[in-house]
Amino acid sequence: MSSKRDRRGFLKNGAALATGLTVGAVRPASAQTPAASTPSKDIKELIAYGERSRFETAVRVSVGGRPSPDSFGLTFHVLAPLQDSFGIITPSSLFYTATHRGAFVPDINPREHRLMIHGMVDRPLTFSLDDLKRLPYVSRIHFVECLGNRANANHKTVQETHGLTSCAEWTGVPLSLLLKEAGVQNAASWIVAEGAEEVKGASSIPLAKAMDDCLVCYGQNGEMLRPQQGYPLRLMVPGFEGIYQIKYLRRIKVVDRYYMTYDDYGHINPDPKVAALTHQIGPKSVITFPSGGQQLPERGFYEISGLAWSGAGAIRKVEVSTDGGQTWKDAELRSPAYPMAHTRFGFHWNWDGRESVLMSRCTDELGTVQPTRADVAKFWNESPERSRVRGADNSVQPWKIASDGSVRNGLA
Amino acid sequence: MASRRLLLVVMVVLGLCQIGTAQSPTYGVGRAPTAEEIRAWDISISPTGKELPPGRGTAKEGAQLYVQKGCAGCHGRTGWGGRAPVLISSKISKDGPPVPANGMAGMAHEPPPCLAPCVNDANAMAIHSPFATVIWDYINRGMPIGKEGTLTPNEVYALTAFILYKNEVIKEGDVLDELSLPKVKMPNAAGFALPPEEWKHGRPRLQNYP
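Going down the list, the sequences are from chains A and B. At position 278 of the first sequence (counting the first as 1) the number is 278 in my numbering, and the numbers step up by one without a gap. At position 10 of the second sequence (counting the first as 1) the number is 10 in my numbering, and the numbers step up by one without a gap.
If we strip away everything but chain B, and leave its shape as in the complex, we get (with noise of 0.2 angstroms):
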């Protein structure tokens, strides 16, 4: 019995020492973060929407969040002519001209910009996204500008849904939230491609392309 008990640590110890001796680290320098820590940096969403947070919104809520957090004010109040990227496509908008929001002194008379990639009518992230995961994740990580992190992820829910029922992909009543948001059918779903070989070190970008 006891040789049998030695036998298994002896056994337990030297998988251990196979495993530390695979994957142990080189230098041992860093620090591992805590779980909170992971959990407050890792923003990425997925298209499986797996990060997602627990949480809903509606077209209508967002519609209010979209003026109340100054969304407005650069995004231009029908989402398109302002300053910053295209949210509403103007050809689907049912909203008047643009109207310069207070505070923008000019901003009628500059041209829309183009950042990189151009955001335009074309390309706009409801037209042109091909996962409703895309707009959640960059509302929540990169807005509103120069207070990113304040939304609650009941607003970047509605915002997302303000975004995509004025763009014409949900329907007004419809409730975002972790479950629905990953299953919204994007208008571009079928508008992407990976290339047809995976990366490899010495590949030609694309065989027979001059």
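Isolated chain A, as found in the complex (with noise of 0.2 angstroms):
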């Protein structure tokens, strides 16, 4: 490390040299063009494994600025940069991690790695993952979101408000494929899924959804998983919320009823209403440009930039608010629509320099649209002051525009 960096000063010093402008070679004025021939980088580690210009500052943080790893080894939750982010697919080095109750992040080699598939099944299997290469895979674009992804009027930011979700490729085989070839019994109805770190994080997903959509998959965006993202196998459960998401994969078990793991327990409710609206995430926008904590420079034109998804399908219309949601306007669809998968929108905006509230919803493939907190508030029967979004949070996100063109976040 120390040789390369000691290497990319001496560049940049002999560039430097050869320029005779310290400043010049490394930020050229804006009314001069750069110097094309000054190398970036040590080219060896362009080549090796790319890495971003060194201007480039998007990180991920931690929720509550929670050390992660904190003192004691655990990674915590840690928030993606959405306010960074183009397109529809998360870097996987800017993805959100989440562990189950606050793990250590196993180091795993794959080629000891095995998943056995068991319970009510005709015949228990164990793939290696060069068995699991050797069959049939697909791809496919799928969000995952945690549950706490949940907005407070303390948060400043939309990494804050909403960075517990992310976008990836997924390559994978079809969870059903492999069910199928263990012969699952007429009187399964669940399967209990587990991970291979310290505390084998474990979580029931209904039979049906199992045998639908769900991927045992080994790569993420066109390389094998990261180490936070289960290197190196992990279950994707399009739509579901994080928990389900089983890293590590381990084991999966056939059984016929809710097995209550430790990470089920967590999340349980007494109401059957909220316990439906827990496991699947609803239709969701947020607009990450403008958002929490940024400026605009002046009046003008902007185009408004966000993210839409819903765990029961594709997105089918995004609408932006310019007045605090008294009019709404469709958005564009700037990105192929997916199933379960973030879709990006923009809106054309003209700023008239006065105080504006902007906000973004969505309806999914079902026709369901993406409530606000009043709504939310009027199914529940109580107060919008009082009332608590309940299971995951959809609920709409407001931005509010000053005139002196700072944005804060809407809730607060």
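Be careful, since some hints might not be right.
Straight line, CA to CA, 25 angstroms or less: simulated DMTMM-like cross-link-like pairs of lysine to aspartate or glutamate [to be verified]:
| no. | chain 1 | residue 1 | chain 2 | residue 2 |
| --- | --- | --- | --- | --- |
| 1 | A | Lys317 | A | Glu303 |
| 2 | B | Lys50 | B | Glu148 |
| 3 | B | Lys185 | A | Asp271 |
| 4 | B | Lys69 | A | Asp122 |
| 5 | B | Lys50 | A | Asp122 |
Derived from the structure by calculation, the hints contain no laboratory data. Predicted model, so just to flag it, every value in this text is computed and none were measured.
Can you join these two chains into the complex? Each is in its own frame, and there are hints to help.
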């Protein structure tokens, strides 16, 4: 590392000497043509495993500023910088991270890793990574979102309000293929999926979902999964909350009832209606530009940009309001609208310099519309001030634009 | 006689073929684990307790193990106020304020963690879990951290009994074993529900929800 740094420093200094301007080589004045011949970095680094420009500073931050990993060695929840995102794919380096109950990220040798399928099956089966890679696979784009992705008035940025969601291309074997290979018995109705990390986090998943669209993934964004995303194997349960997307997947037990694992019990609720709103993510969207903490330099044209997603399927429509929800206009979808995937939307906006409140709301392929907090309060027959969103919070997020162009959380 | 036997053989072979075509694997990739491999890996405990191994333990035995096995080091000597999730509700606990364990410098100064899902007084396992099997299952699969899987079934029964006793769910003298554990009446036994309808592709999460 140090030799690389030294060489980079040498190149930089050499460039500075060549131009005779230390600042000019690094940061050309906007009116001048940049020195095109200046190498930006150690070419070896760029070739072996590419890095972004050193001018790019978007990073993940931990929830509530809590160190992660902490002094105990545990990784907690880490938020993706949605305010700096384009398109619909979250780079693997910036993908949000959450662990089962704050767990260590295990260091798994893929040659030793196994997946066992057993329980109410005719033929229990064990697969190595090489076995799984021999089987037919698919690549699909899906979001993942933590149930804790819940905006509140203390949050300043969209990274804090909505950063516990990300979207990637996942590659793996359909779980239905593996279950059919094992021969699921008629009386089965649930599966319990389990990871290999030290707490062996496990979740109960309806068999209907397991047979529908779940994937046993080894690939993420064109390469092997990252350790924080379950290297070398994770379960993708499209549209379900993050805790179901079992990382370090090592075992699937086919069973005939909800098993109430440790991870399951943490999300239970006595009300069946709340339970229904807990497992699957509802239609949800958020404006990522302009968003909290950003600054509009002047009045004039801005392209509002944001993300929409739903656990029930594809996004059909996104609407934007620039007047705090009094009027809504259709936004344009700026990306393919894949099922259970982030979908990028854009909206032309001419800011007149007055205070404004920006909001977005989406409609998914079932026709379900993302609710405002007032809509939610009405459903539960509560006053909007005292109501809280039950289950997964998919309510509309307002951003306030002040007359000086500063952007703040509209919930504050 | 011979023809009848032949007929029987033909019928059996045909029957096997039918079963074979209906259920045979398509790819034949992967291998069959041995019964012993399945036993070693299958740590899931159903709320019915059907997978529980034979064994027994009491709260008194558990109290000693809680210290010996290092539980107190992370969860606090009193079962709360440590850096790991709350095990004994501080509202129920009759023990004094938490004592930081040796070797955990700074523990007393950091706020108690709220892991995902947040485990505090209100949702400590003994208070919030509808079934006692969850406690047994989790101690057995995930504890002590770094030495998972080293506790014997008797030790897991004893630690489960200790946690339940300290949260006033069972009596100090109660013996937990594979038959009595699933029958423990948990305070939050009625505290969970499944969605009103089974999950189905294309079905909205909740009818008439905005």
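Now the hints, each set against the structure:
{"no.": "1", "hint": "A:Lys317 with A:Glu303", "result": "holds (17 angstroms)"}
{"no.": "2", "hint": "B:Lys50 with B:Glu148", "result": "holds (22 angstroms)"}
{"no.": "3", "hint": "B:Lys185 with A:Asp271", "result": "holds (20 angstroms)"}
{"no.": "4", "hint": "B:Lys69 with A:Asp122", "result": "violated (40 angstroms)"}
{"no.": "5", "hint": "B:Lys50 with A:Asp122", "result": "holds (20 angstroms)"}
The earlier numbered hint that this structure contradicts is number 4, and it is the only one.
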